[in-house]
Amino acid sequence: MAVAAALSMGAGAVSAKNNNTGVKSAGAKCAIKVNAALDAKEGKNAGWLAQRWACGDKAPLVASGEPITIGFQNPEGPVINFPEYRVAAEAAVDYVNNQLGGIGANVAKGTPGRPLKLEICKYNALVPAELPGCANSLAAKKPALVLATLAFGESHFAIYQGAKIPLVVGTPIMPKDFTAPGTVAIGGGGGCLGVHLGLITYATQYILKDNLKKPKGGRVGVPWAKSAPGIFCYNDLEAKPLDVLAGKTLSGAKIVSSAKLKGTMPQLTYLGVPVVTGKADVSAEVAQILGFKPDIMVYSNQGSECWTWMNEMIKQGWTPTKFPVVLSGACIDLPTMAKLGNQIKGIYTLGGLSILDPDALSGFAKAQAVNYRDKMAKYSKEQKLNGTGFATQGYGVVMNTWMMMELAGGAKATGTDVLKAYKATLDHVGFGSTGLNCKDAIKPYVAVCSTEVSASVWNGKALKAVKGAQDFSGLVLVGKGDELRFDEVK
Amino acid sequence: MKEALLYSIMGLGAGGFFALMAMGIVTAYKGSGVINFSHGAIAMYVAFQFFYLRNEGIFHFPWFDILPTKTLNLPVRMSLNNGVGINVWFAMLLSMATALLLGAGIHYLVFKPLRNAAPLGKVIGAIGVMTYLLGLASLQFGAIIPNPEAVLFPRGTFKNFLGLGGQVSHESLAFAGLAIVIGAGVWWFYKSSRAGLATRAAAGNEKGAVLLGYSPDRLALYNWMLAAALAGVVGIFSGTITGSLGVGKFTGLIVPALGAALIGGMSSIPLAVAGGLIIGMLQNFTGTWMTSQSWFPTWGQSGIREAVPLIIIVLVLFTRGKSLPVRGNIEEKRLPLAPYPKRVGIYVAVFVPLGFVFAAGLPGDWGWAGLTGPWGFHFSVTLVAAMFGLSMVLLSGYVGQISLVQITLSGIAAFVTARLVSKGGNRSAEFDPFAVEGPGWPWPLASIVGVAVAVIVGMLLAIPALRIRGVQLAVVTIAASISIYTLYFENSELTALQGGSAYIFPAPTFFGVNMGSTSSSGLTDSPRFALFALVVLAGLCVFVANIRRGSSGRRFLAVRANERAAASAGIDVPKTKILAFGLASAIAGVAGIMTAYQIGQTAATSYEYGIGLSALAFLYLGGITSINGAILGGIIAGGGIVAYFGTWHSPGLFNYTAIMGGLGMILTAIIHPAGQASIFQPLVQHLGGWLMKARGTAWLNSLKRYGPFIVLGAIWGVIGINPWRTDDYSRFWMALTGVFLVFFVRSIVVQIRAARAVKAAQDAELKKFLAEMEAAK
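If you're matching them up, the sequences are chains A and B in order.
Heads up, the first sequence is in our numbering, so the first residue is 25 and it goes up one at a time.
Heads up, the second sequence is in our numbering, so the first residue is 20 and it goes up one at a time.
Some clues are possibly wrong.
Examples of chain B residues lying across from chain A (beta carbon under 8 Å, computed) [to be verified]:
| no. | residue |
| --- | --- |
| 1 | A33 |
| 2 | G102 |
| 3 | N106 |
| 4 | L301 |
| 5 | N303 |
| 6 | A580 |
| 7 | A584 |
| 8 | G657 |
Only pairs whose alpha carbons sit at most 35 Å apart, straight line, appear in this in silico DSBU-like list of lysine-lysine [as the list claims (entries may be wrong)]:
| no. | chain 1 | residue 1 | chain 2 | residue 2 |
| --- | --- | --- | --- | --- |
| 9 | B | K21 | A | K346 |
| 10 | A | K447 | B | K21 |
| 11 | A | K491 | A | K65 |
| 12 | A | K339 | B | K178 |
| 13 | A | K491 | A | K402 |
| 14 | B | K594 | A | K240 |
Because the hints were derived from the structure by calculation, they are not lab data.
All C-beta atoms, glycine included, are put in the ideal place defined by N, C-alpha and C.
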């Protein structure tokens, strides 16, 4: 109700339609009345955001003047290729410029702001010089800040840091995405920091403890992606927290941690099985996991690899009744899941907010999903790519940055101001995310703004939110200031 | 032990995949003597074709829309059923037709013109086809990574298979069975059919086959179509085994298949099938079962699976060694001439200061502020890429050894140096939680040790080269490259790097002067680093030139020309090869370290084997037998100054980079195997000489001859080479670029005309000879 009320508050719009474009021109006015109840429920500035959307629909304001440039780097090579990220970001920019008034608009007075301009640099991630080349190229144009989508390397950080250009990471995957100063990683779930810790938290604290009634622990199967970020995500954010919960490593060595939950599940044991990305056949790895007879299995990989794995599990006789499976949000592939239907009924997915399916959501999350669906339908230049997870992240990273620019002072805000605004967020609404909490980031993961995750369950036809397992964080498994696993435990 | 056996049997599915791929590789080799590195890419393309036909009823044509208009387009796809998938059998038929079309196209357009080319030329042709198909698939199928459904094979598992206590899937066994059945069919084809027997005859002695009335071209066509059909079978049926279908997936799985093909001696189908199945089983045995045992050392867990093909290849080579057949050709062209370097000192004295001025600009307001920002960065990339090219000029250009492991040697030098210069620190510190502990040696000392380690490894890798050569060495070195990558670069136990993080390289200093790549603006565009790189490159050029001019160079060329003849002339061939590998490794090591200094860090991903393949291809475009070729290769390399110029000037070209690169490789291998350097070098020399001597009439004549092209190019440039580009650019530079492009196109036209003229003259001579013979009769 609060969302509906907020969305309907732009009723006082007075404007004239531009005959050529069908879009209302500058001069359209829209009264701003922020719904405080929505802020309280959905996070700070949720009411403001809802109001701006409503105004954008009812009294569209077209940005004008000199554009404000922000950089955008995206891998689009012959093998590592994410065009959907860029296409969605461009669509979001068009939405901002054509309906929301750009940056620094005064919608109450009908004064448009300056347009946002994306300076795009595509790079081939297989050519090592292209990523730092992109960073040099973008930094030389002195953008207010740079949006990095998902980077398969770390050579750009030093360049942006040297040029004093803040970096906003959409999908953090490399270690420096989580730890670099001058950077905020805003992707829903905080990349593997939030998601992998969340997987372990959900598997042990919710399923083992509550559903399976094994409070002292059980057997956890952990296949993991043997890729550069996958190694880090498994070692630091799955194996280590499992050791922390057990109070000891698999070889029996005592674990050093200040985490509250340390040693609370002494009977917990696990089997980690590396899965080489792109391997010809994973049947042996699946057999290893099944042979371990786990009480629960958690897995995170690129979407398609998850379903290679699940198909093989099904082939080898796994059914949802044998043991529960928790997959990361990156695995969500609705068409593939629909084909498998009841064969995977009851599996859980866990991650940031997925805004692909408005019907599966409610409240402000649903409003975000509807906004994404409608605006992408209007502005996306490649409609076929709209239904992918990375497209939602591309759209979200622009929407969040636009929101932060507005909150940091509009057109006058510098990149540093925007970074400060990001870094100050706590219980703040985040588009396509479980919220922005940059202020709460722990060392060494100082860049991570969003570690909260939510669980969904597949009912055979659709993903439905799991009650009582929304917006929780796996950081409870990490003591503040804990060392990374690294060479601590073998 | 039961468990070990069970896991090995589970590897039969992957083994069947390798066996089918190996059959295709052997078939292409039999037909035309090409080790087809693009075989995986063909399988990938057919797999995507089949997937989209089956699911959306869309047929894709294996080309792209070359017409730069929105109104007139070349058809690139066709919807057969209004977006709804078509019947699986019909989809299969059309997919196999695609495979056959690809096979015939590759034969006619690439390998028929390259039939008598040097082995390296054929390798470049294959890499060109692979690059083209990867780029095309990326353009047509984009970012969607589908999970193909099972085709015809039964689903389910055998419970407690053979009493081993575990289950094995029906599909794995069925796929292995399919490989065996198809293998039997192909074996029968070569054993009993007329075309197969003729192919075997031609593979053994092409001249003999011609005298018997067989056309080697036609036989090659049949074999290419058969090879592509086998790739098609992989594409259609393997989805159920291999799972998700990505553009690069099958290409990444080519090495085990090459290993299986080598087990079959590049000729025996049954042995290749057996090899594929064995490799599949051994990979599971080592990579899955052994690594899960408590006694297995943790440092060996990363990469043992990938090392299996290398171990098998090396074992096969040592047991069979020189008995591995080299396919016969009527005529095999040699590598182009390796020109004798002259006036090296003068070039260094001119070009190093000129390069520095180009990078740093002129003092005061003299109209040239130097290369800043990305231009400065990409200029440095060019210099370092040229250094890397020199290592391959020495090894491949001078000695004829096709080594694909040079990139790995670069990485070894960089990683060892990085470890030695590391100082560690508090990992939990906010700024660098992933800092690596190390002794903190001074950079020159650490760099020398890094290069020394690369030399030792390079010389060890030279041992297989003592028994084999040509494309077989390429297979061994590519397997070595992948093995070292996973065993060392990706192995955090050995590198102390966590999850893809990088070693940080401190900036090099000379007597307190910072020569690092980071400038005061924070960008990696420092002219000081450009000077550093120029000096190192010049030093390496002088080094390579002196080798070429000395007795070592003469020995190298003698070995390249004919190993047996060289040995009979008293040259110690093994010693010469090992020396070449050692020297080339040292140069590669220097290039690796300079790359790290340039970027300020180094990570495993910079030394992946595909990067080495790409560097080799660009070097070939430049000219693999000359120092100038290495420099030109650096200029046009990925991330180099020309590549940046292309994307800066026309961002829309970015999506076509791989396609154009692939086509460029193929065209160069066919039209001008000596590379572009052999065109530019005489041009520059001629121009220099002409400028010194030319007088009024000569100027007038030249103006008449070249003037129209200069005017045309300049107008094109000023109007805008890409008139749709909207942002600002210098019209002066664009005019120059336009002139350059017009002359480039003209040079290609002139070359094609010259080649035609030579062919026409040869035909005329042959006709005259036949007429005289006839008359004599």
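Hint check:
1. Hint on A33/B holds. Least Cβ distance to chain A is approximately 4 Å, under the 8 Å limit.
2. Against a cut-off of 8 Å between C-beta atoms, the interface hint on G102/B is violated, since the closest Cβ of chain A lies about 11 Å away.
3. Evaluation of the N106/B hint against chain A yields a violated restraint, the C-beta minimum of about 18 Å exceeding 8 Å.
4. Interface hint at L301/B: violated, since its Cβ lies 12 Å from the closest Cβ of chain A, which is beyond the 8 Å cut-off.
5. Annotation: interface hint on N303/B holds; nearest CB of chain A at approximately 5 Å, less than 8 Å.
6. Among the interface hints, the one on A580/B is violated; its C-beta lies about 35 Å from the nearest C-beta in chain A, farther than the 8 Å criterion.
7. Look at A584/B: its Cβ only gets to about 41 Å from chain A, farther than 8 Å, so that hint breaks.
8. With a cut of 8 Å, the hint placing G657/B at the interface with chain A holds, because the nearest CB-to-CB distance is about 4 Å.
9. Taking the CA atoms of K21/B and K346/A, the gap is near 25 Å; set against the 35 Å cutoff, the hint holds.
10. For a cut-off of 35 Å, the pair hint linking K447/A to K21/B is broken: about 56 Å separates their Cα positions.
11. Simply put, K491/A and K65/A have alpha-carbon atoms about 16 Å apart, close enough for the 35 Å limit, and the pair holds.
12. With a CA separation close to 11 Å, the supplied pair K339/A and K178/B stays within the 35 Å bound.
13. With a C-alpha separation of about 33 Å, the suggested pair K491/A and K402/A falls inside the 35 Å cut-off, and the hint holds.
14. About 66 Å separates the Cα atoms of K594/B and K240/A, which puts this hinted pair outside 35 Å; it is violated.
Violated hints, listed in ascending order, are 2, 3, 4, 6, 7, 10, 14; each of the other numbered hints is respected by the structure.
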